[in-house]
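Sequences and hints are given; from them, build the entire structure.
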Amino acid sequence: VREVILVNREALEGPLDSTLVDVIHHHESGPAHTLAFFFEGRPYHASVVRRGDQYHVVVDGQGFVVSFGRPQVQPAGRETDEGVLRAPMDCRVIAIHKAPGDPVERGEPVVRIESMKLESNLSARATGVVSALHVRVGESLRGGAVVAVIEGGNG
Amino acid sequence: VSREDRHFKKILVANRGSVATRIMRTCREMGIASVALYSDADKGSGHILHADEIYYLGPSPAEESYLHIEKILQVAKGAGCDAIHPGYGFLSENPAFARRCEEEGITFIGPSSEVLQLLGDKIDCLELMRRMRVPTLPGSEGPVRAEAQARSLVREIGLPVILKASQGGGGLGTRIVRDEAELDAALVSVALQSRKLFGDGTVFIERYLPSARHIEVQILGDRHGHLVHLFDRECSIQRRHQKVIEEAPSPNIPARDRERLHQIALHAAHAVAYRGACTVEFLYDGRDFYFLEINPRLQVEHGVTELITGVDLVRQQIRIAAGAPLELDQASLSTTGYAVEARVYAEDPATLLPAPGTIDVVRVPYGQGVRVDTFLEPGTEISDFYDPMLGKVIAQARSKEVAVRKLTFALRRFVVNGTLRTNIPLLLQVLEDERFLRGEYDTVFLEKRVQYRPPGEEARRIAALAALVVRERAAAREVPPARARASGWRRGGWELLP
Chain A
1 VREVILVNRE
11 ALEGPLDSTL
21 VDVIHHHESG
31 PAHTLAFFFE
41 GRPYHASVVR
51 RGDQYHVVVD
61 GQGFVVSFGR
71 PQVQPAGRET
81 DEGVLRAPMD
91 CRVIAIHKAP
101 GDPVERGEPV
111 VRIESMKLES
121 NLSARATGVV
131 SALHVRVGES
141 LRGGAVVAVI
151 EGGNG
Chain B
1001 VSREDRHFKK
1011 ILVANRGSVA
1021 TRIMRTCREM
1031 GIASVALYSD
1041 ADKGSGHILH
1051 ADEIYYLGPS
1061 PAEESYLHIE
1071 KILQVAKGAG
1081 CDAIHPGYGF
1091 LSENPAFARR
1101 CEEEGITFIG
1111 PSSEVLQLLG
1121 DKIDCLELMR
1131 RMRVPTLPGS
1141 EGPVRAEAQA
1151 RSLVREIGLP
1161 VILKASQGGG
1171 GLGTRIVRDE
1181 AELDAALVSV
1191 ALQSRKLFGD
1201 GTVFIERYLP
1211 SARHIEVQIL
1221 GDRHGHLVHL
1231 FDRECSIQRR
1241 HQKVIEEAPS
1251 PNIPARDRER
1261 LHQIALHAAH
1271 AVAYRGACTV
1281 EFLYDGRDFY
1291 FLEINPRLQV
1301 EHGVTELITG
1311 VDLVRQQIRI
1321 AAGAPLELDQ
1331 ASLSTTGYAV
1341 EARVYAEDPA
1351 TLLPAPGTID
1361 VVRVPYGQGV
1371 RVDTFLEPGT
1381 EISDFYDPML
1391 GKVIAQARSK
1401 EVAVRKLTFA
1411 LRRFVVNGTL
1421 RTNIPLLLQV
1431 LEDERFLRGE
1441 YDTVFLEKRV
1451 QYRPPGEEAR
1461 RIAALAALVV
1471 RERAAAREVP
1481 PARARASGWR
1491 RGGWELLP
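Protein chains in written order, with the numbering used here: chain A, 1 to 155; chain B, 1001 to 1498.
Simulated from the structure, these hints should not be mistaken for laboratory data.
Don't take each hint at face value.
Partner residues are not named here, just some residues of chain B that face chain A (Cβ under 7 Å, in silico) [claimed, not checked]: (1) D1360; (2) V1361; (3) V1415; (4) P1425; (5) L1428; (6) I1462; (7) A1463; (8) L1465; (9) A1467; (10) V1470; (11) E1472.
These numbers come from a predicted model, not from an experiment.
Ideal Cβ placement from N, Cα and C applies to all residues, glycine included.
Shown next as structure tokens:
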């Protein structure tokens, strides 16, 4: 089975062959790499930082996250199980609109969060009943943390 | 350093990030010592590397650090500072802070607490400007307290209107109403929101211009009643009422209108006998200018004005605060070419939502006419406690066309790598937009008329190849090939194999 190469959480089409790359400069400092290379006759500069299974790449101001193989954890916001509501980024909970046992409609706000002075709602992605609520008002969350579980969903 | 420049011995910079490094740079140039503050979240922030002395302020939340008036004053007194520069944001427009500085005998580098009080109250300020015949948008004269009052006003000035918090600013506590049926609910919601955000639920109404540009004029005034303008800036490229790309001078204004704009701005600053650096903000619908507000502080975008006028605005602020007369007169001021600034944020370019994280690599662009105001260091953590701005990249050249090309290249070479995202791809897209180059935009251009294009398959493939090269080279080094090891032993030596 060929490994899946994910770039910004989406699989890259076709195989990848590093022998087509002519690397003219490679500098390494801890997890950080600086590369200059030719690909199909054109020069590129890239900054690559390895963090665990993920490679953070910057080329021409554009940032990418590259990972090889199947991801261990579903990234935030791309949950296949629509009933699991996760924090989309590092944030703080400023209000909770639903309690365990409450019915909830798809699109309805479950909690209100704040990140860098910006407030937003975290809304249910499926209709159902709130079966678990894992956060409290004032709590700081890491991106990807599970906020609530909604059961019986038909999103 | 001339004696004349030694206005203060030591200045405390009551701020963080890019603006703190910017202020410290001028302090150094003037031979004045500078003091930096930091919170728990800012232990790895580069701004503390630029000061002569650094002091710990407290926990990360701003209320316990950069907004804590008494803690800041305690540090200032303990360190023997004779002045405080508040930068922008945080306490820069807080009359209570200015008053406490005045009481403690420490110079607040900015206007008096009375002027801050007046300008912070949008209703009082608008009333004064109307009295002084500064053109304003049609709207309520004073606060709107009752729904009936709001309805009759809306019938008089016409829809759409914008509801604003009297104590608001930066787009917070505002709401646009396009349909009279929404008016009552909007009034309640803005009042509630502004009570929560600013501790005051007073609301006023203005006519809303669906398509207008945001243009502002830089002003300097001394303690002796002299005021000069330093020309205009264009700040229409915004998201969530926050500026993202700024230019100086503003394009596409007929010369006579531009001259009139500068005079109106000077007149508005005279009306409050302004002392220090301030910005008079206007909306421009292609025909008329409408006064919005006076920002009584250094602006984020002050750098574009500095690059076209050659004037160091922070130096002027410090001199004015020390009581020195203006060293510039209107006739000696002029502009050279054009400057454009892009604000780089830790933000997802597609959703425009904050994308904080840790910085592993930072490489700042360079070259003639390229200026970068930033505070980033490897290891700097961009937390969710403060504004997610990473820095500003500014380019100056003889024409807009050349400056924009310069800025585009500089942004491509500005490497900020780590677990955060940056808005650089979106900035590049705006800079390459024909409408931006022609100056054909308004304040909703970025949000409504620019559709972010995520990187294509080709760009994603290049990124994946770079990661693959790093992975394969690391793998090759970690596990030496079995053949090499075996043959090395067989020969009974340690010689290197080809």
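Quick check on B:V1361 please, does its C-beta sit within 7 Å of some C-beta on chain A? 5 Å, holds
At a threshold of 7 Å, is the proposed contact between B:P1425 and chain A supported by beta-carbon distances? 5 Å, holds
Would the hint on B:L1465 stand, with a C-beta cut-off of 7 Å toward chain A? 5 Å, holds
Mind checking the CB of B:V1415 against every CB in chain A and telling me if the closest is under 7 Å? Interface hint status for B:V1415: holds (5 Å vs cutoff 7 Å).
Going by Cβ atoms only, is B:V1470 closer than 7 Å to chain A? 5 Å, holds
Under 7 Å is the threshold here; is the Cβ of B:A1467 close enough to any Cβ of chain A for the hint to stand? 4 Å, holds
Does the CB of B:I1462 sit less than 7 Å away from some CB of chain A? 6 Å, holds
Evaluation of the interface hint that places B:D1360 against chain A, nearest CB under 7 Å: Holds. Min distance 4 Å.
Could you check if B:E1472 really has its C-beta closer than 7 Å to a C-beta on chain A? 6 Å, holds
Per-residue hint verdict: B:L1428, partner chain A, C-beta under 7 Å: At about 6 Å, which falls below the 7 Å cut-off, the nearest Cβ of chain A leaves the hint on B:L1428 intact, so it holds.
Taking the closest Cβ pair, is B:A1463 under 7 Å from chain A? Cβ of B:A1463 sits 4 Å from chain A, so the hint holds.
The structure is consistent with each of the numbered hints, conforming to all of them.
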